[in-house]
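Residue numbers (numbering that gives the first Met the number 0), protein chains in the order written: chain D, 0 to 204; chain R, 0 to 204; chain B, 0 to 204; chain H, 0 to 204.
Since the hints were derived computationally from the structure, they do not count as laboratory data. Treat the hints loosely; a few may be bogus.
What the hints assert, rightly or not - As a list, the in silico DSSO-like pairs of lysine-lysine whose alpha-carbon atoms are at most 30 angstroms apart:
no., chain 1, residue 1, chain 2, residue 2
1, H, K63, H, K24
2, D, K58, H, K58
3, D, K63, D, K24
4, R, K24, R, K63
5, D, K58, D, K24
6, B, K24, B, K63
7, D, K58, H, K24
8, B, K58, R, K58
9, R, K63, B, K63
10, R, K24, B, K63
11, H, K63, D, K58
12, B, K63, R, K58
13, R, K58, R, K24
Here the structure is a predicted model, which is why all the values come from computation and not from measurement.
4 protein chains.
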Amino acid sequence: MTDPAGPGGQAHALFARPVKPRSIKVHEAALDATRALLREGGLPAATIDAIAARSGVSKATLYKHWPSRTAVAAEAFGRDMADAVPLPDTGTTEGDLLAQVRLVSRFYASPEGTVFSQLLAASVTDEGGAAYFRAWFLASRRAAVRTLWERGLARGDVRADVDVDTATDLLFGPLVFRLMTGHLPLTDDAAEAVARAALHGLLEE
Amino acid sequence: MTDPAGPGGQAHALFARPVKPRSIKVHEAALDATRALLREGGLPAATIDAIAARSGVSKATLYKHWPSRTAVAAEAFGRDMADAVPLPDTGTTEGDLLAQVRLVSRFYASPEGTVFSQLLAASVTDEGGAAYFRAWFLASRRAAVRTLWERGLARGDVRADVDVDTATDLLFGPLVFRLMTGHLPLTDDAAEAVARAALHGLLEE
Amino acid sequence: MTDPAGPGGQAHALFARPVKPRSIKVHEAALDATRALLREGGLPAATIDAIAARSGVSKATLYKHWPSRTAVAAEAFGRDMADAVPLPDTGTTEGDLLAQVRLVSRFYASPEGTVFSQLLAASVTDEGGAAYFRAWFLASRRAAVRTLWERGLARGDVRADVDVDTATDLLFGPLVFRLMTGHLPLTDDAAEAVARAALHGLLEE
Amino acid sequence: MTDPAGPGGQAHALFARPVKPRSIKVHEAALDATRALLREGGLPAATIDAIAARSGVSKATLYKHWPSRTAVAAEAFGRDMADAVPLPDTGTTEGDLLAQVRLVSRFYASPEGTVFSQLLAASVTDEGGAAYFRAWFLASRRAAVRTLWERGLARGDVRADVDVDTATDLLFGPLVFRLMTGHLPLTDDAAEAVARAALHGLLEE
DNA sequence: GGATAATCGAGACGGTACGTCCAGTCTTTGG
DNA sequence: CCAAAGACTGGACGTACCGTCTCGATTATCC
Chain D
0 MTDPAGPGGQ
10 AHALFARPVK
20 PRSIKVHEAA
30 LDATRALLRE
40 GGLPAATIDA
50 IAARSGVSKA
60 TLYKHWPSRT
70 AVAAEAFGRD
80 MADAVPLPDT
90 GTTEGDLLAQ
100 VRLVSRFYAS
110 PEGTVFSQLL
120 AASVTDEGGA
130 AYFRAWFLAS
140 RRAAVRTLWE
150 RGLARGDVRA
160 DVDVDTATDL
170 LFGPLVFRLM
180 TGHLPLTDDA
190 AEAVARAALH
200 GLLEE
Chain R
0 MTDPAGPGGQ
10 AHALFARPVK
20 PRSIKVHEAA
30 LDATRALLRE
40 GGLPAATIDA
50 IAARSGVSKA
60 TLYKHWPSRT
70 AVAAEAFGRD
80 MADAVPLPDT
90 GTTEGDLLAQ
100 VRLVSRFYAS
110 PEGTVFSQLL
120 AASVTDEGGA
130 AYFRAWFLAS
140 RRAAVRTLWE
150 RGLARGDVRA
160 DVDVDTATDL
170 LFGPLVFRLM
180 TGHLPLTDDA
190 AEAVARAALH
200 GLLEE
Chain B
0 MTDPAGPGGQ
10 AHALFARPVK
20 PRSIKVHEAA
30 LDATRALLRE
40 GGLPAATIDA
50 IAARSGVSKA
60 TLYKHWPSRT
70 AVAAEAFGRD
80 MADAVPLPDT
90 GTTEGDLLAQ
100 VRLVSRFYAS
110 PEGTVFSQLL
120 AASVTDEGGA
130 AYFRAWFLAS
140 RRAAVRTLWE
150 RGLARGDVRA
160 DVDVDTATDL
170 LFGPLVFRLM
180 TGHLPLTDDA
190 AEAVARAALH
200 GLLEE
Chain H
0 MTDPAGPGGQ
10 AHALFARPVK
20 PRSIKVHEAA
30 LDATRALLRE
40 GGLPAATIDA
50 IAARSGVSKA
60 TLYKHWPSRT
70 AVAAEAFGRD
80 MADAVPLPDT
90 GTTEGDLLAQ
100 VRLVSRFYAS
110 PEGTVFSQLL
120 AASVTDEGGA
130 AYFRAWFLAS
140 RRAAVRTLWE
150 RGLARGDVRA
160 DVDVDTATDL
170 LFGPLVFRLM
180 TGHLPLTDDA
190 AEAVARAALH
200 GLLEE
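Kindly produce the complete structure, drawing on both the sequences and the hints.
Okay, structure coming up:
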């Protein structure tokens with residue numbers, strides 16, 4: 000109930016038994032409805048009642064499959080976005096990372112980015128939902144960056160003494176910061192400025 | 000009513016007339032109560048009803064002074080934190096920035112950091128509150144970094160082609176990212192790793 | 000403050016001093032605004048705030064002139080209706096009383112009748128307002144009937160052993176009953192049936 | 000939701016399905032609490048919040064069962080009064096009607112009569128509540144008079160050309176009028192005077 | 001003719017109740 | 001036996017209006 004397995008695994012309730020076809024149908028129906036609601040009105044529209052009404056899955060059943068409404072939304076959103084941002088391959092490490100930052104920035108600036116920020120916000124006060132969000136969305140994103148990073152490491156282009164997590168946070172944290180606070184817009188130029196600064200450092204050498 | 004003035008100014012209602020003492024008393028009482036509630040139970044505890052009950056200020060009046068509960072909390076929090084993080088002065092630009100990142104990281108990791116993340120989360124779905132949060136909290140924080148940054152510029156230590164906003168986001172965005180998602184802890188070591196990476200860049204020179 | 004003088008006298012506050020012209024202006028302005036509000040939205044529209052806003056008379060002043068909003072409305076309504084129903088003179092006592100009942104029935108069925116019922120309803124939980132309603136509206140209506148009744152007495156047409164109050168209540172109480180409960184419509188036919196029954200009695204002679 | 004069924008039927012929500020015991024329990028609990036509140040402080044005491052607090056039924060549920068607080072109170076009051084006024088049987092039609100008027104007058108003069116007037120007043124500005132009041136209280140009272148009236152008709156004691164509704168309004172309208180306006184007291188003598196006048200007519204024969 | 005004191009407009013304020021919304025739990029019934 | 005249906009509690013929301021209050025500005029009579 001509290002251990003989301005993520006894309007590579009299985010959602011918690013599914014292990015209880017050797018796969019009940021009805022459970023799967025129900026699970027998918029709920030996610031489909033949630034996806035639609037997220038598209039139409041963002042996270043605020045994806046209330047438990049709305050999901051139940053639209054999917055035909057009862058509220059009680061929803062709570063058997065997920066710990067909270069945020070969790071449902073996180074899983075639905077994560078699936079939707081699974082392959083939304085393809086890995087860039089520009090030939091150079093710097094180009095790849097720059098391209099990735101630009102893509103993610105555009106994603107954040109899109110309607111889906113709004114949902115992303117709403118889910119991130121909801122995760123703050125809903126640890127159960129946060130776990131699902133990490134498992135179904137963030138993990139795959141970080142994995143993508145890890146691939147790029149390791150490609151750069153193999154080429155000797157990036158500092159070997161920098162952790163991949165640190166690198167990821169440095170490249171995308173600033174975008175998230177802007178997205179959440181709204182103090183500055185998420186333009187391509189801004190994304191590029193941030194990426195360049197991250198890649199080359201803030202200090203004069 | 001919708002234009003939070005921030006620390007340097009006055010909250011909206013106070014301009015209407017040549018200062019109504021009652022308004023000021025009420026305003027302060029509400030903020031005091033809110034501060035206490037935030038300390039005790041974080042943002043979730045600072046409901047409008049609770050603020051009204053504890054402060055003796057009626058709900059209707061609260062809504063005349065602020066557009067939403069997030070806004071009250073943001074102003075209360077901003078005042079509380081006004082001078083919580085003193086500017087470091089280590090003698091070197093790198094030392095100052097490193098120290099500042101470490102201080103902010105510790106702040107985020109503290110109970111106040113939790114409130115910060117809750118306010119940031121609430122800002123996502125409450126534009127009125129977000130304005131207050133920016134005006135009463137974020138602005139002063141960014142101003143502090145700006146001071147350090149300009150000090151570094153004067154010394155010729157930092158890249159002149161990097162915007163101060165970009166620099167700020169790069170240094171603190173990663174911390175915010177970790178705070179919000181909880182995917183990684185906010186330790187001193189992590190803060191230092193992020194800061195060093197930001198200062199020296201991710202790429203091999 | 001609690002003793003409405005009625006049409007023949009003066010409202011309470013006016014006695015305090017040898018007539019302040021401003022008081023009179025204020026009084027009239029409030030009543031004018033209230034009349035307009037009653038016409039537009041009935042008693043529910045005549046809130047103290049609305050009266051104050053429309054008349055330019057402050058709320059505090061309103062409460063110096065009247066004990067409650069119902070009282071203001073009652074006085075405004077009473078003045079408006081002062082000469083709305085002229086005394087019939089058909090030549091016969093029965094004709095006069097029948098005509099009067101018909102006129103009053105039509106009045107109750109009109110928009111003003113709605114306001115009447117609202118005032119009557121408000122009087123139930125507002126004794127201060129009730130006094131004004133009786134003084135400024137009901138009294139003059141009862142006086143009119145008294146005139147007819149005494150005319151009938153002089154002619155020897157009506158039972159001398161029946162009190163004028165009893166007669167008044169008998170003729171108009173049924174109409175008020177219908178107006179308040181809405182269980183039956185207030186048509187001319189119904190009014191006539193009631194009046195005839197009242198005049199000739201329910202029992203076979 | 001808007002069609003009160005009255006004593007002979009069932010409140011709206013109960014038809015949805017073949018009897019939900021929970022609904023019934025909740026319904027009764029709300030009515031019990033309301034009855035108690037009415038007894039203690041009349042209609043003003045029977046606020047939705049108070050009913051919810053005392054009965055343990057949540058406000059949301061109350062609004063699912065009744066359209067307004069007046070409706071709850073009307074149903075509670077109607078049940079309470081269901082058999083409060085037994086039908087008189089004096090042997091003569093005139094005696095029965097006189098007795099009934101006297102009983103009703105005493106009822107109006109009692110604390111319950113105050114509640115009655117408050118409900119009637121509330122019905123004026125609350126059509127939803129009015130329907131409940133008519134269905135749960137007024138209807139049964141009118142039915143009682145109808146019985147007496149028909150008894151009189153069978154005996155040939157009462158005018159056959161007078162409608163039972165007209166007769167009812169004529170006998171009780173005056174009492175209601177006095178109750179609502181308070182211009183005259185509701186004594187036994189007054190009741191008798193009114194009843195005699197109604198039975199024998201106002202005009203000299 | 002200026003001082004004195006009531007009177008007023010403006011509107012902030014506490015208080016009470018409203019009616020609504022949603023989360024999450026629990027009960028009943030049908031397949 | 002599981003799931004749909006949906007009733008239910010609990011708690012917060014934001015609004016409306018009441019009647020009281022404080023504040024200055026404005027008279028208008030009296031000295």
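Against the structure, the hints come out as follows:
no.: 1; hint: H:K63 / H:K24; in the structure: holds (14 angstroms)
no.: 2; hint: D:K58 / H:K58; in the structure: holds (21 angstroms)
no.: 3; hint: D:K63 / D:K24; in the structure: holds (14 angstroms)
no.: 4; hint: R:K24 / R:K63; in the structure: holds (14 angstroms)
no.: 5; hint: D:K58 / D:K24; in the structure: holds (15 angstroms)
no.: 6; hint: B:K24 / B:K63; in the structure: holds (14 angstroms)
no.: 7; hint: D:K58 / H:K24; in the structure: holds (23 angstroms)
no.: 8; hint: B:K58 / R:K58; in the structure: holds (21 angstroms)
no.: 9; hint: R:K63 / B:K63; in the structure: holds (27 angstroms)
no.: 10; hint: R:K24 / B:K63; in the structure: holds (28 angstroms)
no.: 11; hint: H:K63 / D:K58; in the structure: holds (19 angstroms)
no.: 12; hint: B:K63 / R:K58; in the structure: holds (28 angstroms)
no.: 13; hint: R:K58 / R:K24; in the structure: holds (15 angstroms)
Of the numbered hints given earlier, the model fails none.
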